[in-house]
Amino acid sequence: MAKLFAITIVVIAIASAVPIILHTWEAPVDISTHGKLIDEQMSETMVEAGICFLASQLILGFFIWRYSNRPQGEKIRSFPGGARGLVAAAVIVVGLEVMALGAFGTRAWAAIYFTPPSPQAMPVQVQAGQFAFYFRYPGPDGTFGPIHPEQINEATENFFGLDTTHDADSKDDIVTAQFAIPVNREIHLLMHSKDVGHSFFVRELRIQQDFVPGLDLSVHFTPTKIGRYEIVCTQLCGLGHYNMKAYLEVMSQEDFDKWLKQQAALQ
Amino acid sequence: MHDMSAHVVHHHAPPTGFLRKYIFSLDHKVIGEQYYLLALVAVYIGLILSWIMRIHLAWPNYAIPGIRFLSSTGAPGGILTPEYYLQLMTMHGTIMVFFVLTTAPFAGFGNFFLPIQVGAEDMPFPHINMMSFWVTFVAFAVAIAAFFVPTGPPLSGWTAYAPLSALGSVAGPGQGTGQVLWAISIAIFCIGQLLGSLNFITTTLDLRCQGMSLMRLPLSVWGWFITSCIGLTAFAVLMPACILLVLDHVAGTSFFVPSNLVVNDQLQPHAGGSTLLWQHLFWFFGHPEVYIAIVPGMGVVSHVLITSMRRPLLSHRVIIYSLVSLAFLSYMVYGHHMFVSGMNPFSSIAFSFPTLAITIPSTIIVLIWIGSLYGSKLRINSASLFALGFISMFVSGGISGFFLAQPSIDIMLHATYFVVGHFHLVMAVAALFGIFAGTYFWFPKVTGRMMNETLGKIHFWFTFAGAYCIFMPFHYLGMAGNVRRYQAFVDDFMQPLLGVHKFITIAALITGAAQLVFLYNLIHSRFWGERAPQNPWEGTSLEWSTTSPPPFDNFGGKLPVVYHDPYQYGIESSTGDYVMQDSPEQINTVRDER
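Just so you know, the sequences run in chain order A and B.
Just so you know, we're using this note's numbering here: the first sequence kicks off at 1 and counts up by one.
Just so you know, we're using this note's numbering here: the second sequence kicks off at 1001 and counts up by one.
These are computed hints drawn from the structure, not numbers from a lab.
Check the hints yourself; a few may be wrong.
[To be verified] Below, simulated SDA-like cross-link-like pairs (lysine to any residue); rule was C-alpha separation at most 20 Å, straight line: (1) A:Lys3 x B:His1524; (2) A:Lys75 x B:Met1494; (3) B:Lys1502 x B:Ala1058; (4) B:Lys1377 x A:Pro80; (5) B:Lys1377 x A:Ile59; (6) A:Lys245 x B:Leu1498; (7) A:Lys245 x B:Ala1327; (8) B:Lys1558 x B:Ala1013; (9) A:Lys75 x B:Ile1380; (10) A:Lys225 x A:Gln253; (11) B:Lys1377 x B:Glu1538; (12) A:Lys245 x B:Gly1078; (13) B:Lys1457 x B:His1524; (14) B:Lys1502 x B:Ala1488; (15) A:Lys75 x B:Ala1488; (16) B:Lys1502 x A:Ala15; (17) B:Lys1377 x A:Lys261; (18) B:Lys1457 x A:Ala2; (19) A:Lys75 x B:Ser1574; (20) A:Lys245 x A:Glu230; (21) A:Lys245 x B:Thr1589; (22) B:Lys1377 x B:Leu1277; (23) B:Lys1377 x A:Glu74; (24) B:Lys1377 x A:Arg66; (25) A:Lys75 x B:Thr1589; (26) A:Lys225 x A:Val29; (27) B:Lys1377 x A:Trp25; (28) B:Lys1502 x B:Gly1078; (29) B:Lys1457 x A:Gln253; (30) B:Lys1457 x A:Arg107; (31) A:Lys171 x A:Tyr134; (32) A:Lys261 x A:Ile174; (33) B:Lys1377 x A:Gln72; (34) B:Lys1377 x A:Ala2; (35) B:Lys1502 x A:Ile174; (36) B:Lys1021 x B:Glu1033.
[Stated by the list, open to error] Facing chain A, a subset of chain B residues (Cβ under 7 Å, in silico): (37) Ile1079; (38) Pro1082; (39) Val1149; (40) Leu1261.
Model, not experiment: these values are computed from the prediction.
Cβ coordinates follow ideal geometry from the N, Cα and C atoms, glycine included.
Please take these sequences and the hints and turn them into a complete structure.
Next comes the structure, spelled out in structure tokens:
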């Protein structure tokens, strides 16, 4: 029984590691400027975690095999170095390594959060609400018109509660259900929620940020590859949470300008 | 060390009458059994909920039989509506975390064995102890009632983030009455826990028998003692948070709801509240809570492992200090649940360092366990198999924490199945293994009968292999971007993952069925199991020096006197390779705590 258990632990440990080693399921193509740091951090953590995982499970299995069914008269022996050596190993090998990992990981976080957006970044607003994302571009005047929450009306498709009659800044705002941006241009994404908590997650962009009702948040990033990518909501927001998504379209500057003109005509 | 118990507990006569003996019992042993039975009912409800969820995820068009008995509207034709999936998911998490993982390892085993292991007749406040169980029972009844109100239970998850949880029924089905019942249930549960912690702490500090110094306490007692200390401050924060949430529903307040929210084109009548405030309050409780779930298991597993290895751990004190540091650090890490929540990103970095640091005491404990196996004489039985399985599960679940502790990596893994795999392995499965280890180990003492070893081993094999088959793939799903709390996977990038979900569901059904083997073993052995000797495992601690089951006052009127620490194994004595704590026999030993 003990030997069977030991073998089972070893088999499970190795089987668990196989999909990782074979890179079966991993992050998709990186279309961001900060993604490389995140991906490197992930790989380093995976190596360290993998070593700790395999070592501890294999040693556990080996000790169960070796130290069960011992002869009656055999004396108990202690691990060389006793508790002291193991405490040292825990603090130095695992503890300091893991802290070092964390320290290095701050670079990737800082690249996203500790640098402000450049003044030339293109502002786009996103509003999350049960159960859709809507986007707003400021139009030629470069200013977003004020939001009047009491005027939000899904039936008339006034998703942002704009008053184009009285607010001059709102007249040229462009509201869309699709998030299109030009490639290699920094985007300043201004985020707010209409109702409950939501989250904005684009795996290829290496961005995940919650919307907080009552707070105006923002993230900034530069997309580096043209393509179509899914935006999914990752903060439980109600019965339609599973279906709350939109598409990010990264286009050439030319295609983006054309698209924006088309969208403006539809307002 | 004088005997304090004579001053504190009145020596009482044995209880008479059915109600006093079995229902409103003042006896810590009966109360412990009541808590365990409550957790047993709760875990099978939670298990069935998980089966329904898993079947829906793998085969969304399959009509699940019998659902109409649970809800007439939640699953028309046996197919779950999106909201009902979330409602069942919310109750699965709530029931499992509170009524199983916080109840069985701590209140269940702790109530029964803490007084015995410290050498006391009972806890110092038996009436408060009885109330703690019945208050918990009422909390459970209120939670279950949420299933049967017209709009059903809440759908906001066991975490109940605001404003979804605070806006009322406008925010979704179940968010009215169901959410209020949920919050009331949890607030009542907190009261029960506080009453229980009161007894545990005073018993440990004040009722130890003569010779039982703090360092001579078994590690199971340290686990329960430390857990009750964590519980005091953690539950004391959750209770007011739940009260504020109820007030937002019924009293027109806006603690958690800011102004200008629009739901269904209606401006909501709230202003001034903070969404993030709920998260801070909840997770300030929520992170210590996961240590409340696991620390008793660490104590029990240490205790079972030592008895099974026939030698003490490499250092008794290092384990105690590590458990204390875990408890202390557990208050400093809660923000790791909020890295991308919108709180100040500097806070995320600040929280990530103690989160990474908490790996140190956890690793120390695991290495001491594994290192103590070296040179030991391991006895394999159902109890020791689950204790060893605990180590494997805790390691697997703990290591995925290396990823989640780093904010930059959390960007890719937050709210995915990676998180779900992490907490199920490190908390749910590991704690369950601790409960099983404790059950197989202490069943003879509690009932006076042995459990069936063959059935125990069958239960172990299916559960160990099955739990890995269920939860290891969750990590891969998370790395592939599978978002959690989705009732269906409609996104393009998730389509290739549907086959994995089918595999997991099949594993979950088989592993769940194995838990019926455990239930059968429990019930059959209780009535028809082989009679148990006083000390079937040749253990040293005080529970083994009394009868199986113990008399109503634990030690038959004469409190023990302790001469040794609880882990004198691997020595030579008149009884064999161990000496009981209350044996005055002098022995040759490497170290005997004073």
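Verification of the hints:
no. : hint                  : verdict
1   : A:Lys3 x B:His1524    : 29 Å, violated
2   : A:Lys75 x B:Met1494   : 56 Å, violated
3   : B:Lys1502 x B:Ala1058 : 5 Å, holds
4   : B:Lys1377 x A:Pro80   : 17 Å, holds
5   : B:Lys1377 x A:Ile59   : 16 Å, holds
6   : A:Lys245 x B:Leu1498  : 19 Å, holds
7   : A:Lys245 x B:Ala1327  : 40 Å, violated
8   : B:Lys1558 x B:Ala1013 : 14 Å, holds
9   : A:Lys75 x B:Ile1380   : 18 Å, holds
10  : A:Lys225 x A:Gln253   : 12 Å, holds
11  : B:Lys1377 x B:Glu1538 : 13 Å, holds
12  : A:Lys245 x B:Gly1078  : 27 Å, violated
13  : B:Lys1457 x B:His1524 : 16 Å, holds
14  : B:Lys1502 x B:Ala1488 : 13 Å, holds
15  : A:Lys75 x B:Ala1488   : 58 Å, violated
16  : B:Lys1502 x A:Ala15   : 19 Å, holds
17  : B:Lys1377 x A:Lys261  : 79 Å, violated
18  : B:Lys1457 x A:Ala2    : 11 Å, holds
19  : A:Lys75 x B:Ser1574   : 17 Å, holds
20  : A:Lys245 x A:Glu230   : 7 Å, holds
21  : A:Lys245 x B:Thr1589  : 67 Å, violated
22  : B:Lys1377 x B:Leu1277 : 52 Å, violated
23  : B:Lys1377 x A:Glu74   : 8 Å, holds
24  : B:Lys1377 x A:Arg66   : 9 Å, holds
25  : A:Lys75 x B:Thr1589   : 13 Å, holds
26  : A:Lys225 x A:Val29    : 9 Å, holds
27  : B:Lys1377 x A:Trp25   : 42 Å, violated
28  : B:Lys1502 x B:Gly1078 : 19 Å, holds
29  : B:Lys1457 x A:Gln253  : 66 Å, violated
30  : B:Lys1457 x A:Arg107  : 49 Å, violated
31  : A:Lys171 x A:Tyr134   : 17 Å, holds
32  : A:Lys261 x A:Ile174   : 9 Å, holds
33  : B:Lys1377 x A:Gln72   : 9 Å, holds
34  : B:Lys1377 x A:Ala2    : 12 Å, holds
35  : B:Lys1502 x A:Ile174  : 43 Å, violated
36  : B:Lys1021 x B:Glu1033 : 12 Å, holds
37  : Ile1079               : 14 Å, violated
38  : Pro1082               : 4 Å, holds
39  : Val1149               : 17 Å, violated
40  : Leu1261               : 5 Å, holds
Going down the numbered hints, you'll see the structure goes against 1, 2, 7, 12, 15, 17, 21, 22, 27, 29, 30, 35, 37, 39, while the others check out.
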